[in-house]
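The lines below spell out each chain.
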Amino acid sequence: MSRSPGRKQENHKISRELFVLTYGALVAQLCKDYEKDEDVNACLDRMGYSIGIRLIDDFLARSAVKKCRSYSETADMIAQVAFKMYLGVTPSVSCSSAAGNEFSLILDKNPLVDFVEELPVERASLCYCNLLCGVIRGALEMVHLAAEVSFLQDRLKGDAVTEIGITFLRKPEDRKHRR
Amino acid sequence: MAIFSVYVVNKAGGLIYQLDHYAPRADTEKTFSFPLDLVLRLHDERVVVAFGQRDGIRVGHAVLAINGAEVNGRFTADGKDVLEFLSNPANYPVSIRFGRHRLSSNEKLMLASMFHSLFAIGSQLSPEVGSSGIEMLETDTFKLHCFQTLTGIKFMVLADPRQTGIDALLRKIYEIYSDYALKNPFYSLEMPIRCELFDQNLKLALEVAEKAGPFGPGS
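Sequence order for the protein chains is S and G.
The end of the first sequence is residue 179 by our numbering, with every number in the run present.
The end of the second sequence is residue 398 by our numbering, with every number in the run present.
One or more hints might be untrue.
Derived list of chain G stretches under chain S, where covered just means 3 residues or more per stretch with a C-beta under 8 Å from a C-beta of chain S [to be verified]:
#, region
1, 260-272
2, 371-384
Partner residues are not named here, just some residues of chain S that face chain G (Cβ under 8 Å, in silico) [as the list claims (entries may be wrong)]:
#, residue
3, M47
4, I51
5, I53
6, R54
7, D57
8, D58
9, L60
10, A64
11, K67
12, L145
Keep in mind the hints are simulated off the structure, nothing from the lab.
Where a beta carbon is used, it is the ideal one built from N, C-alpha and C, also for glycine.
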């Protein structure tokens, strides 16, 4: 996890292990604090949301991307630029609805679960990486795109792949009126 | 100083950060005898010089103090009307301090909100659909550059018309904002920015931009 070379700062490399362990400790502590899996998931989502609303400006400042003109451009941007920049992986995108507002990102490698092989029996419906869903939701909301983001499939629960589903909720209003 | 000030406006149009970067103002204090050879008039609840520029006192300078006591708008410190006071020969000789009037923070808030509205009007007036808002406002003494991010925050820089590299400076200010303001966990979004690191890095960025401009490091 180092900064992009465009910055005129020293490259601070922080250990990836530290990041993954920190995330694991966070989830473990939440599991101790809350009995129900839904509560843990909701808490992770809220935390992710507050990260996402701040991360979006960092993403836009560093990547200098232009405004996306369609949902599919947005989904591509998230998968190819944002995931690459922050997690170093590039999920593949597919559109899963005729209306063109539901997309899924399929992650073949997820650095957050490097050291986790499967969920414990009593935590069967825990979404371990729910923070990511919150981050994506928060970030999209700051650019005026309301979306629902959730895990559709999770390798930790025994599915074949890890899939994040993004459903854009309504068409963005006409830009003229918003500004 | 080629970059005069920086304003940051949030999504709702409220000013969340403001920095003035110009040289300390040169006030001129002189003693006058009756009759006063400057033409003064009332403007916006302040007494300003309308004509008769001389000796460092320019047109547009406001009366800041009379006989050492700061004036309160159009009234002197003891409540008398300034123009009446100066038209009475019994009060002379009098020492008056003139200088550029600095905007108060309320005025800055109001002007920033007004610009936010004008920015929106600008994008609506455009003949093209999906146009951006006002990006640059040019006058004979300064240029106002505005950059709106996709999240709705506006960064405005007022600079000398000959200063170049302001676009890069605006992007740099966006990076500094995303680093030192947003990543500060105690900073709430859309609130006034009170982060020391943000101030320091912004001033550094302004200095770098000024040195890189057409004036060179000597000015």
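Evaluation of the provided hints:
1. For the region 260-272 of chain G, the stated coverage by chain S is violated: 0 residues have a C-beta nearer than 8 Å to a C-beta of that chain, whereas at least 3 were required.
2. Interface restraint, the region 371-384 of chain G with chain S: violated (0 residues with C-beta to C-beta distance below 8 Å; minimum three).
3. Interface hint at M47(S): violated, since its Cβ lies 12 Å from the closest Cβ of chain G, which is beyond the 8 Å cut-off.
4. With its C-beta approaching chain G no nearer than about 10 Å, I51(S) sits outside the 8 Å limit, and its interface hint is violated.
5. At its closest, the beta carbon of I53(S) sits 6 Å from a beta carbon of chain G; the interface hint therefore holds under the 8 Å criterion.
6. Because the smallest distance between the Cβ of R54(S) and any Cβ of chain G comes to about 4 Å, under 8 Å, the interface hint for this residue holds.
7. Of the supplied interface hints, the one on D57(S) holds, with its beta-carbon coming within about 4 Å of a beta-carbon of chain G, less than 8 Å.
8. A hinted interface residue such as D58(S) counts as satisfied when its beta carbon comes closer than 8 Å to some beta carbon of chain G; here the least separation is about 4 Å, so the hint holds.
9. Annotation: L60(S) was flagged as interfacial toward chain G, and the flag holds, the nearest CB pair being 6 Å apart, inside 8 Å.
10. Checking A64(S) against chain G: minimum C-beta separation of about 7 Å stays under 8 Å; hint holds.
11. Contact between K67(S) and chain G, as hinted, is supported at the beta carbon level, the nearest pair being about 6 Å apart and thus within 8 Å.
12. For L145(S), the suggested interface contact is broken, since its CB lies about 10 Å from the closest CB of chain G, more than 8 Å.
The structure is inconsistent with the numbered hints 1, 2, 3, 4 and 12, although it conforms to all the rest.
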